[in-house]
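**Q** Sequence:
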Amino acid sequence: MVQRIAIRYGFSSQKPQAAKKSYEDLEETRAKFSLEFWDKYKAYEGGGILNVDGTLILFGMPPIKWWAGKGRKDSARILGANKYAGRMTAVLTVRDDGVKMPILFIIRAVPGGRIEQIGLVLRG
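The numbering of the sequence shown is this note's numbering, which starts it at 7 and goes up by one.
Hints listed in this document are in silico derivations from the structure and should not be mistaken for laboratory results. Please note that the accuracy of each hint is not assured.
[To be verified] Heads up, simulated EDC-like pairs for lysine to aspartate or glutamate below, C-alpha to C-alpha not over 16 Å straight-line:
1. K106 with D59
2. K48 with D102
3. K48 with D103
[To be verified] Pair ranges (Cβ atoms, derived):
4. T99 with S28: 57 to 63 Å
5. Y50 with P108: 51 to 57 Å
6. K48 with G104: 42 to 48 Å
7. I124 with F43: 33 to 39 Å
8. Q9 with F39: 38 to 44 Å
9. K27 with V116: 40 to 46 Å
10. F111 with L32: 50 to 56 Å
11. P117 with A25: 51 to 57 Å
12. N57 with F111: 17 to 23 Å
13. E34 with I113: 41 to 47 Å
14. V58 with A37: 21 to 27 Å
15. G16 with V58: 40 to 46 Å
16. I63 with R101: 21 to 27 Å
Where is the CB? At the ideal position from N, CA and C, for every residue including glycine.
Start from the sequences, fold in the hints, and give me the full structure.
**A** Structure representation (structure tokens):
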């Protein structure tokens, strides 16, 4: 019974394995990489290296499925539904000296359009 539940929810059984490298070897590899990295990029002083990560945010998406009444003849399409209407990317950046930069939001818009004129309206 437990196996059926595991299979239904996408779990798989795995055997424990031994690590391929010891902890000391991993520490040595990390130290060697750090020395090589800073030797190569020593021209960049504090704050010159950025760690950037982008996250996609979807909102206002049309439903994937729509309930239609029994015996309905017409289409169950949603008028004016745009597949990518609510899409925004949030870019998070941290400098190598630990300073967090402001969040950069990337939005698909028309140059000189509504967003540039009035900005984003935040509703809580």
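**Q** Work down the list of hints and note, for each, if the structure agrees.
**A** Status of each hint after checking the structure:
1. K106 with D59: holds, 12 Å
2. K48 with D102: Holds, at about 13 Å.
3. K48 with D103: holds, 14 Å
4. T99 with S28: 57 to 63 Å: With a Cβ separation near 35 Å, T99 and S28 fall outside 57 to 63 Å, so the hint is violated.
5. Y50 with P108: 51 to 57 Å: violated, 21 Å
6. K48 with G104: 42 to 48 Å: Between K48 and G104, where Cβ atoms are some 19 Å apart, the hint is violated.
7. I124 with F43: 33 to 39 Å: violated, 45 Å
8. Q9 with F39: 38 to 44 Å: At 42 Å between Cβs, range holds.
9. K27 with V116: 40 to 46 Å: violated, 53 Å
10. F111 with L32: 50 to 56 Å: Since the Cβ atoms of F111 and L32 sit about 38 Å apart, the hinted range of 50 to 56 Å is violated.
11. P117 with A25: 51 to 57 Å: holds, 54 Å
12. N57 with F111: 17 to 23 Å: holds, 18 Å
13. E34 with I113: 41 to 47 Å: holds, 46 Å
14. V58 with A37: 21 to 27 Å: For V58 and A37 the Cβ distance comes to about 25 Å; the hint holds.
15. G16 with V58: 40 to 46 Å: Given range 40 to 46 Å: violated, Cβ gap about 31 Å.
16. I63 with R101: 21 to 27 Å: holds, 23 Å
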